[in-house]
Structure formats: structure tokens, C-alpha cells
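Using the sequences and the accompanying hints, generate a full structural model.
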Amino acid sequence: MVVAVKRPAKKSRHQENIDYVKELQRFSLINHADLDWIGYCTKGGNKFLVYESTMLDQSEVHHFKESGDYEIVSL
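According to this note's numbering, the residues represented by the sequence shown are 1 to 75, in order.
Derived from the structure by calculation, the hints contain no laboratory data. Accuracy of the hints is not assured; some may be wrong.
Keeping only pairs whose Cα atoms sit at most 30 angstroms apart, straight-line, the calculated DSBU-like set for lysine-lysine is [unchecked claim]:
| id | residue 1 | residue 2 |
| --- | --- | --- |
| 1 | Lys22 | Lys47 |
| 2 | Lys6 | Lys47 |
| 3 | Lys6 | Lys43 |
With beta-carbon atoms standing in for the labels, derived distance ranges [unchecked claim]:
| id | residue 1 | residue 2 | range |
| --- | --- | --- | --- |
| 4 | Ile18 | Lys43 | 18 to 26 angstroms |
| 5 | Gln15 | Thr54 | 24 to 32 angstroms |
| 6 | Gly44 | Leu24 | 14 to 22 angstroms |
| 7 | Gln25 | Val5 | 14 to 22 angstroms |
| 8 | Gln15 | Cys41 | 17 to 25 angstroms |
| 9 | Asn46 | Gln25 | 16 to 24 angstroms |
Predicted model only: the values in this text are computed from it and were never measured. Note that the Cβ used here is the ideal one computed from N, Cα and C, for glycine as well.
The following block contains the structure:
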């Protein structure tokens, strides 16, 4: 399984919480062609959103990583 882990950009704690909740709400309502939402983590003050990546083409993965929003991890 290949997963994409998104860590929100560093902002004020309040704005970070607002953005995190908005992201959770948005991805719980929509489907993305290359990502299936798995869950989230808020342990230790960190906030991560975790998606299963269905991208099979290595060039797609490279482009995705270049966006800087996600890290691709193979499990």
C-alpha cells in the first residue's frame, strides 16, 4: 500500500486548527481520483491527514511530491 501523508503548513495554532478541520470536512465529502482518505492523526500536537494513493505511474508520484503538501510513503 502506498499512502500520502499531508502535514498542514506552519501557521498560528488557531489558524492551523481551522484549516485542519476544513480539510477533514472537505475530504470526507468528496472523492479524489488518485487519493482515498484513510484517516488522520493529532498525536503530540502534530496534525496529519492520511490518504491511500492509487497512483501507479512513477511520474505522477514525482509530480505529486513536488507540490510539497504531501509525502509519499510505502507500507
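Which hints, by number, does the structure contradict? Result: no hint breaks.
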